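> Below, each chain spelled out in residue letters.
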Amino acid sequence: MTTDRWFDDAAGPVVRPYAMTRGRTRSGAQDARLDLIAVVTPLVARETADGAADGTGGAGVEELITAAEGGRFADGSLAPEHVEIVARSRRAPLTVAEFAAELDLPVGVVRVLIGDLVEAGLVRVSRPVPPAELPDERILREVINGLRAL
Amino acid sequence: MVFGRSERAKQPAAEPVTLKVLVAGGFGVGKTTLVGAVSEIRPLRTEEALTEAGGAVDDTAGVEAKSTTTVAMDFGRITIHDELVLYLFGTPGQDRFWFLWDELAQGALGAVVLADTRRLRDSFAAIDYFERRRIPFTVAVNCFDGAERYAVGTVREALDLDGEVPVLLCDARVRESVRDVLISVVEHAMHASAQAAAEAPDREAAANS
Ligand SMILES: Nc1nc2c(ncn2[C@@H]2O[C@H](COP(=O)(O)OP(=O)(O)OP(=O)(O)O)[C@@H](O)[C@H]2O)c(=O)[nH]1
Ligand SMILES: [Mg+2]
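In order, the protein sequence lines correspond to chains A and B.
The numbers in this note's numbering rise by one with no breaks, and the one at position 58 of the first sequence is 58.
The numbers in this note's numbering rise by one with no breaks, and the one at position 161 of the second sequence is 161.
Keep in mind that the hints were calculated from the coordinates and are not lab data.
These numbers come from a predicted model, not from an experiment.
A virtual CB, placed ideally from N, CA and C, is assigned to each residue, including glycine.
Non-contacting residues of chain B with respect to chain A, defined by C-beta distances greater than 12 Å in every case (computed):
{"#": "1", "residue": "Asp116"}
{"#": "2", "residue": "Asp128"}
{"#": "3", "residue": "Glu131"}
{"#": "4", "residue": "Val152"}
{"#": "5", "residue": "Thr154"}
{"#": "6", "residue": "Arg156"}
{"#": "7", "residue": "Leu161"}
{"#": "8", "residue": "Leu169"}
{"#": "9", "residue": "Asp171"}
Heads up, incomplete: computed chain B residues facing chain A, CB under 10 Å, no partners named:
{"#": "10", "residue": "Pro43"}
{"#": "11", "residue": "Glu47"}
{"#": "12", "residue": "Leu86"}
{"#": "13", "residue": "Glu176"}
{"#": "14", "residue": "Arg179"}
{"#": "15", "residue": "Ser193"}
Here chain A is said to cover these stretches of chain B; the calculated rule only asks that three of the stretch's residues, wherever they fall, bring their Cβ under 8 Å from a Cβ of chain A:
{"#": "16", "segment": "17 to 23"}
{"#": "17", "segment": "73 to 84"}
{"#": "18", "segment": "106 to 115"}
{"#": "19", "segment": "181 to 191"}
Work the whole structure out from these sequences, hints included.
Given below as structure tokens:
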């Protein structure tokens, strides 16, 4: 990691804010902020696999473009990052935080992009955990056992 | 990885259950080290709008904000199995990053408060924060080389902790040590939720009378 433009040890560089979201810090679809550990799953049809060889979900891309052209995106525009998010979500369900880390984008930007995809009906986001609602004891025991095996 | 057509057409794995544990503590206490000891760690960038003075402004300022700086959090993933994943979030120690906590704390399973015996008071803010929000936490005393090894009881007293808050000595660099700290957090969360469940009917009865 380069440090020359860094603000200090903890704060990163001053960024061009939200270029790929066209300055939007909110997506229309989202009233509440997407939780960092909310899981994104694709809703695009998975059997139209013609561009299969590239491993990035070619069919999904086509569908995305159709969606964009059909005006299903907030401002009609589709960023490469939208495509990337759908492609990755088709390989494995990932959380909002993982998309941010993997695409090396700030969380806020990823939230807007995912919000666009939700609005366009291309992905679904799991309901964020309601505060103070803990998973049941069975799950917690599974976590403990899993940690013991680390 | 290259998948054949049939592979690609398969239904994706069921949506995993995701849980988060927070890692808090003063500046330089070993948070990043701890997350890295048990998980693949990556920086996670979140952004902060800056006022001209350089401080954080309210979120509502949105696009009008003068400029934005990103704040890097520690982000780790522990895959328990395909359908159960534990995420660790560690935030920078400086006070000016507290705004990050309010979002992170939502729905958190529990927290680790890392403490350094040479600077115990640095962990007061984090302890206070989790106590107020009733987020179960374990205090892990990071035993830096050469640091005086306090007895757990002394630390508990110095931090004025409730009896049920677990206090452990740990080495943030050692996987097994960090693993034990995390187990303690989850166990504590489990007890806390059982207790809350046991109390809930009483509360309802009281509200209805
Ligand atoms: N001897 C020893 N050194 C440690 C231990 N834990 C962390 N360190 C060292 O202490 C320094 C600070 O550790 P970090 O993990 O970066 O601390 P941090 O809490 O993430 O720091 P900030 O994010 O800046 O608040 C690093 O040089 C670590 O190698 C420990 O248990 N023993
Ligand atoms: Mg750190």
